[in-house]
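One letter stands for each residue in the lines below.
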Amino acid sequence: MVGWNRFHRLAALLLMVLGLGACQEFDRSDVLRIGLAEEPRTLNVWLAGDVNSRKVLSLIYQPLYVYDPETMDLVPWLAAAMPEYDPRTLSYTVRLRPARWSDGTPFTSQDVAFTAHLIQTFKVPRYASSWSFIDRVQTPDPHTVIFYLQQPMATFLTGTMVTPIVQHKEWSVIAEQAQATEKPLTALLNHRMQHPVGTGPFTLEQWRKGAFVHLKRNPHFFGTGQTINGQVLGPFFEELVYSVFGTSDVAILALKKGSIDMFWWHVQPGYMDDLDRHERIQLFTNEKSALYFMGFNLRQPPFNDVVLRRAVAHLIDKDFIVSRVLQGQGGKMFSVVPAENVFWCCTDLPRYGDGMSRESRYSVAYQLLAEAGYTWAVPPLDAAGNLQPAREIRLPDGRPMARFTILTPPADYDPHRAISGLMIQEWLRELGMPAFSRPMAFSSLLQQVKDNHDFDAFILGYGRLRLDPEYVRNLFHSANDQPRGWNMSGYRNPVFDELADRSISEMDPLERRELVFEMQRLIARDLPFIPIYNPHVVEAVRRDRFEGWVEMLEGIGNIWSLCLVKPVARHGT
Amino acid sequence: MGLRRFVLRRLVEIVVIFFVIMTVLFVLFRLAPGDPVARMVDPSMTPEDARLLMESMGLDQPLWTQYLYYLKNVATGNLGISFHYGEPVSRILMNRLPNTILLFTTAIVLSALLGVFLGKIAAWRREERIDTLMTIGALFCNTLFLPWLALIMIWFFAYWVGWFPITGMISPQVWIDPSAGPIRKTLDVLHHMALPLMTLIVTHFGSYLLVMRSSMLDTLKDDYIITARAKGLDEKTIRDHHAAPNAALPVVTSVGLSLAFSINGGALTETVFSWPGIGRELVFSVSHSDYPLAQAAFLLIAIVVLMANLVVDVLYAYLDPRIRY
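Sequences listed follow chains A and B, in order. Counting from 1, position 455 in the first sequence corresponds to residue 455 in my numbering; the numbering is continuous, with no gaps. Counting from 1, position 1 in the second sequence corresponds to residue 1001 in my numbering; the numbering is continuous, with no gaps.
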């Protein structure tokens, strides 16, 4: 009898726990629920380097300018208009929009000047280089800021002006405390932000570590009801909850079940058919500002020979990689600047092997190498000009080509790059090259390529490049050919260096574009990198919950979407 | 040697071992390829930005200086600041530790209870069909691939049937609701705990069952069981009150050790169920070269295991004086 009573109590408890499932449907139309792949690490805007922290902080702290979703031009955000440039005094004048911080205090030019002062004083990483050339900041009135530059700097608009602005009142106290410590920068970066004050559309309500971040609509948001960039801004919902999911599988199940309204992460091709069939789920496919490429070590044979690099460029079948490896979710790349970065991407570049048949690609590669003095024990083309498996390629000096490796990240880190490495290995082997694709742990790969320069070739990628093409300069300038420098290939070209140095100080965008185009032409000619592909970003949302998502480069997860989406039920009322 | 001297000697040994572990941890992470900054930077950032990041983390200092700082910090109870969270690692770990202990301790205790209960029956009815079924079932469950089982459990019980939340430890809707009281919040945690708990029990109880069965089979051959039967005690009493308590000793030892190791959590379980525990942080910190966090997490595990060993050693020494010499 006692046993039965215990059993009944256990059963009752179990039923009660199960019953919670039925009573916990969370479908308030004024709450947007977003799934994240990882938890944000910090709410300190100066420390935040991870993408998930930025997904939260970008809704709290705002810059003076943001990108237009269609044209990708800068549009005034906290600023009231585009800056006025005075070449005589090397200064930019920015007029500010009337705005308030989330604590109700007015946003003024003092806040902008303080942000500049803070970044320069502490040399805040990620931002310091965008502000190092600012000589001084003047605030003639609460709504005007004048930036005086030490020298012309092309990245002022795209780097300096998109920096998040912090509140003088809040951060001056933090900065003062940090300055009093032995390591001021470390103290500033490690300051724990519990209630960040911002000018954005949302404010932090609570952060349950490991579980969720809860934001509420900022009643003082300057954009609410205003027409900015032709759009009347909201937000049109009251609360925003970010939940963390350990794996994509589980997040997709949560989306299908209706536990979240959006999964703010790239949906892998394997899930797409299933989600596409789901009548309540909508997929968005957008371009990325990314670069996935094969790089060479130009410091040593065999890839110190540009002819060999061009032959390899012909052999890489980008159509195959995009259609089979990426399953159609990406585009071919021919420049180190993604084609989607329309203003800066040079389109009149050589497209090695593009549109050629397999036979033609091998034939051209063979001719290039044969003309440069390469020989084979068995050439890739027989006497009749038919393809045959080549064997033992020899360098122009007669030595056999030594075995070389193509380093890639492992398949569990990035299957696309790992499989691309294997495919390239096979294509090169068909031409008699002793190529070996070698996946290795990402950290090891970076150390071998970037720190030690101990490699032959590698496949890497950058998933979130800034739109400003300054990175082209960083990647190939000879000054960066040093351990831990960005010039991993060891590309050294004085003409390129001169163009790159001029491009950074050219204030006329059209003139600068010409210089950047010329830099891209040099890279496409010399091929320290072979750009391969730019994957699409595919995101999934519940179509029965919210609508009005704004698509732009990098997807629908952006400030415009979160200021414009409306609950489906309320739309039109 | 007296018990006090024995304990003192063990304490000194533990301090030496702890120092060795600290040093090995420090060296191991520095020897591992890659540096913490490498994954934080992209070509849009200048080399100056990367240098400033290194400086802010103290990685610009020579290794021996970093080591001395590390020793000084640990000696003063300061485990350092996480590179990624920008928070003291002790705070991060203390935030995660209760979650891990709650899930894994409960799972180990329930698995052991189930294993002992079923192992007892299997041994008692040895070579019958139920014994075969239980033994094969235990072996099968014990070898299940945990992430696969976890996903199947989520798909069936959370997505298809809808009895449980899909993942996580708490529901935002409950915890942001100002009217939700402690009872509702506790039930919410239990509700979220059910699936990972079931998964862990399914994969863990088998080993306890097999240990209990084996131990019980040995015990049943002992003289006092024959004596109990000769006294005319009923079979249930012999099984539950004479054989089982003695046979359960190896299981208790196993549970004790499992409990000590449970603080490292189960990275796979915590990842699939989005359970915010130590295991997930351990994986994150190692994969992102967050040295202070990784070192502190491993040190915490080392301390608990060393302490558990000390307790066991002292208990043994107390119970069996021969061990002290």
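Treat each hint with caution, since some may be false.
What the hints assert, rightly or not - In the EDC-like style, the derived pairs of lysine to aspartate or glutamate whose C-alpha atoms are separated by at most 16 Å in a straight line are:
hint, chain 1, residue 1, chain 2, residue 2
1, A, Lys209, B, Glu1087
2, A, Lys216, A, Glu392
3, B, Lys1231, B, Asp1218
4, A, Lys257, A, Glu279
5, A, Lys183, B, Glu1235
6, A, Lys216, B, Glu1055
7, A, Lys123, B, Glu1048
8, A, Lys256, A, Glu239
9, A, Lys123, B, Glu1055
10, A, Lys183, B, Asp1177
Claimed, not checked - Okay, the calculated beta carbon distance ranges per label pair:
hint, chain 1, residue 1, chain 2, residue 2, range
11, B, Phe1145, A, Asn452, 49 to 59 Å
12, B, Val1189, A, Asp103, 44 to 54 Å
13, B, Trp1155, A, Gly548, 30 to 40 Å
14, A, Asn304, B, Trp1155, 47 to 57 Å
15, A, Arg192, B, Gln1061, 17 to 27 Å
16, B, Leu1102, A, Arg543, 31 to 41 Å
17, A, Ser29, B, Asn1078, 19 to 29 Å
Just so you know, these hints were derived from the structure itself, not from any lab. Every residue, glycine too, gets a C-beta built ideally from N, C-alpha and C.
Fill in: Hints breached by this structure
Hints 2, 3, 5, 6, 8, 10, 11, 12 and 17 not satisfied by this model.
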